[in-house]
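Enquirer: Here's the letter readout for the chains.
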Amino acid sequence: MTDAPETRDALSALDRPNSYIGKTMPRPNLDRLMQGRGLYVSDIELPRMGHVVFLRSPHAHAKITGINALAARQLPGVIAVVTGQELATVITPWVGVLSHLKGLKSAPQSAIAIDRACWQGEAVAAIVATSRAAAEDAAEQVSVGYDELDAVTDMRTALDPTTSVIHASLGDNLAFERHHDAGAVEDAFAASDEVVDVEFIFGRHTGVTLEPRSVVADWNAAEARLTIYQGTQAPHMVQNIAALHLGLQEAQVRVVCKDVGGSFGIKVHIYADEMATYALSKLLRRPIKFVADRVESFNTDIHARDHRCRGRIGVKRNGTIMAFEIDDLTGIGPYSMYPRTSAIEANQVVNLVGGPYVTRNYRARARVVFQNKNVMCQYRAVGHPIACSVTEGLVDLAAMKIGMDPVEIRRRNLIADDAYPCASPSGLRFEQLSHHAALAKLIRMMDYDVLRAEQAALRARNIHRGIGIASFIEVTNPSAAFYGVGGAKISSQDGVTVRLDAQGAVICQTSITEQGQGSESLTAQIVGSVLGVSMDRVRVILGDTDNTPYGGGTWASRGAGIGGEAALQATKVLRRNILDVAAAILQMTPGELDIVNNNVVNAGDGTSRIELGELARIVYFRPDTLPPGIQPELMATRHFVPRAYPFAFTNGVQASWLEVDTETGFVKLLKHWVVEDCGTIINPQLVDEQIRGGVVQGLGAALFEKCVYDERGQLTNASMADYLVPMSGEMPDIDIGHVVSPTLESELGAKGAGEAGTAGAAAAVTNAVNDALRPFGTIVTEIPLTPQIILTALGRI
Amino acid sequence: MKASAFAYARPTSVANALELLATHGDKAKVLSGGQSLMPAMNLRLISPEFIVDIGELAELRGIVVKGDVLTIGALTRHADVLKSPEVAAHAPLLRDATAHVAHPAIRNRGTLGGSLAHADPASELPACMMALEATIIVCGPRGERRIPAQEFFTGIYETGLSPQELLVAVELPVARKRSSHFFHEFARRHGDYAIVGLAAQSIVVDGYFTDLRLGFFAVGDRPLLANAAGELVNVPVTPERLTKAAAVLSDELDPQEDQQATPAMRRHLAKVLLSRCVSTLLSRPDLRSGAPE
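Protein sequence lines correspond, in order, to chains C and G.
First residue of the first sequence? That's 403 in my numbering, and the numbers climb one at a time after it.
First residue of the second sequence? That's 26 in my numbering, and the numbers climb one at a time after it.
Keep in mind that the hints were calculated from the coordinates and are not lab data.
Because the structure is a prediction, the values reported are computed rather than measured.
Hints may be right or wrong, so weigh each one.
[What the hints assert, rightly or not] Think about it this way: if two alpha-carbon atoms lie no more than 30 angstroms apart in a straight line, the pair counts; the simulated DSBU-like pairs of lysine-lysine are:
{"id": "1", "chain 1": "G", "residue 1": "Lys52", "chain 2": "C", "residue 2": "Lys660"}
{"id": "2", "chain 1": "C", "residue 1": "Lys465", "chain 2": "G", "residue 2": "Lys108"}
{"id": "3", "chain 1": "C", "residue 1": "Lys1070", "chain 2": "G", "residue 2": "Lys108"}
{"id": "4", "chain 1": "G", "residue 1": "Lys108", "chain 2": "G", "residue 2": "Lys202"}
{"id": "5", "chain 1": "C", "residue 1": "Lys465", "chain 2": "C", "residue 2": "Lys803"}
Sequences are here, hints too, so could you generate the full structure?
Expert: Here it is, written out as structure tokens:
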């Protein structure tokens, strides 16, 4: 751990006096968005464009006995009504499995259901009309015959022999199972002074994006080319999948991703209705627009979490944690999602439990079962909030049992900061983490002892406040180990091209995408710093498979760490090329020159020698004046992928300070702290706001968000009035601190920061609630922590 | 999320509006601030054939005090109620309650009359009208009717308003001497509909209630003016007395189950509110059963 990034290269720009690295810079796209000149998919209008509305199954599980669209087809403005059977002539079904998740199985899924609907909300027909309103009118006139089938809704009974099997061809409702056993777990529990054994329950929730999923697909029969305008996190993945299932070459598909109003992992998957939209464009030979409305967003955007996890911890009276054991169960809907699969979250839970701690003894089982509910898949901080809540909940309960302060038990068990590199009991490899430095910083920031004293004083007045601590680790910068090795064509490398234009401006094309987190800004900061030009000269182009290098996109906290390093390396090459030309023009050696503030200068005394615009003018328009044999190359491309470690783990610790009204069960969040270590910080404000946003989504899970299904598989709160997203009125101030341990995998040293906030927020809140409830001798281990749950735990109702 | 097609008219006078309502009857819906009607139409929960948009009837907008009566026009927006000095002076309970109505964007468009005519049982304003002894003034083909608030609300989204009638104003007696009020609601988030709420108006003389009106909301199919108040008026309020009042209240409630709360939880929270209300109005911390501020 160090406080400043290491300089390993004389050309490194990280410590240049005019560097933008580590500085809060305004985002280059801000004016455009603030002045309403953003371009979202909804803004796109193409000639002859049709609007599609999907008629969706009202039943969780039903056989489709017939579809009568005669009346609908007669309505004004209706272009077509298309069934699953008809659409299957242009698009093939898919199966969401990955080979490295051994035993994972799923059934073929179609763009539109054929014969059978497997969740309430699955599309059973597409109605295409000249406007959304006309299509909605027509949808009301389509009659669908259904025979209701048994719906599998409770994950706890999904594997019972008496429960019906959703996909007969699979034999049972088990999608995936993983066992892990490390160390000597039985002996460790036997040697423990105390063992805590509790079940943790996590509500099913979703990531509510401000802009719903939306796509315009435009099949150009003359070019035999499909252009897809879509708010996606992974344009090249969409290109690959669309081509594969429409029988096209990837070169025949262009994916354009302009502005995106929030993703959070929701927009990194391939959805059936989006596939149907691509297919409809091909079938009907015209542009088709699909924009999900809020009700269908709740019914079809992937859901996440929904785990029941039994956890055990063994502890010595001196605080030594002896072992962890978990048994995790999750229900994922009727299909494993494509192409990233729905087994990743449970797999991550197994990977991450116990991760911050030294104990070697760890046993885990995870089971993933099918249900007739909406599909589940990866949402911000995949698996982390569950693993963190289980681990940190167990650690706190163990501390409570042996009468030890929650901070002290962590001090005694967190992996030492000088123990790296090392590995977790589940086999995760850590390059360099900083748990103890982070915890020490957190304790200082929150003034822990003063807070404890305040808590005690208030408790005497019957005011019940609690402190909750949660250490966490976070997967970032994934290599091919995530998806590529399992056979998914999802790139783990990213590329950046930079070129110097004729007036000395810089065009930068990157394969990472922007969904609001600041990819454009961090890319421009890196390019500007490394090249020595001001940021206003750097224009960043992203989100277009025709016009960017090939790459993964922005997800799994990888944009800055992977795309940022590619930008750094590409810009270093361009810089070298520019200095080569400058040296030729100035009759010097490149080593005697530098680029500062848009000028080539003498490296020694900083005297300006030639402005970049002038250099570009000579290169592009008067190459005849250059010395013989010089062929300037003012464009450079580099790609980057982490090779030494499968993931760049980050770490951190969060704390919550809150008050429980023990008469009403309401929780008031008073303050939240985060200390995290994402390595090199490119833009402090972007990092801090990413963390705050992540914390808020974690607090939503802790207190508010839940997709409420009834026993028949009906989602009963699919609206913004009934599904409670966290809002500013309930959010506490969130203070953020950093420890900086750059990864040595890259020159930039940046790790991811996008998911750390979400990883530990709910764990901190649950621990704080249990701390507040301590005088009442009760605990809660279910989120969201509703007043109903707390009042029930207190025996008040 | 697009509404079905509908016909639309924007009357220029109350008389004009009443003509349209007389012609179209229950096929018509009155559009005021649109904060409940438009979402319901866009979700196609309702598909009225005819919309009578009364938004331009300036005569229905405004707040005046005349003698002992505060009159608020039906089209007065929540935001205007909130910043009205007349409301602050003469019906501060209504001001406090209005601050809990949804969010600023909704309060900028939503109207008092619209909220009352919509009669959501979890809404703040109907309960305020009961606590404040309001008279609801409606106009119809046969002229004006004056309906006491207690008789106006008849069920979930149901009122004494007929399809031919238009709610035009409410009249509130101005606050009397020594009157005080209490408003609180338990909601999961700021701006949400309450799980349970209480709008109370009282007169306290020498530590006694000489008058107490308890308007509970979200405790049944309509706002409830609780008889439990009778247990606390003109008597010394002891913890035992308060317990008795809470028992009477519990018998009066008919709470519904929804995703936020079971009936038992609503009953419990209503009793907590009663105790907090009485403790606050009488400045008697001893009556408050051990909850944080």
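Enquirer: Regarding the pair Lys465 of chain C and Lys803 of chain C, is the alpha-carbon distance no greater than 30 angstroms?
Expert: The given pair, whose Cα atoms are some 53 angstroms apart, is violated under the 30 angstroms limit.
Enquirer: Given the hint that Lys1070 of chain C pairs with Lys108 of chain G, does the C-alpha gap stay at or below 30 angstroms?
Expert: With a Cα-Cα distance of about 28 angstroms, the restraint between Lys1070 of chain C and Lys108 of chain G holds, given a limit of 30 angstroms.
Enquirer: Given the hinted pair Lys108 of chain G and Lys202 of chain G, is their Cα-Cα distance within 30 angstroms?
Expert: holds, 23 angstroms
Enquirer: Can the restraint linking Lys52 of chain G and Lys660 of chain C be considered satisfied, given a maximum Cα separation of 30 angstroms?
Expert: violated, 44 angstroms
Enquirer: Take a quick look at whether Lys465 of chain C and Lys108 of chain G sit within 30 angstroms of each other, Cα to Cα.
Expert: It is violated: about 57 angstroms lies between the C-alpha atoms, which goes past 30 angstroms.
When the structure is compared with the earlier hints, violations turn up for hints 1, 2 and 5 and for no others.
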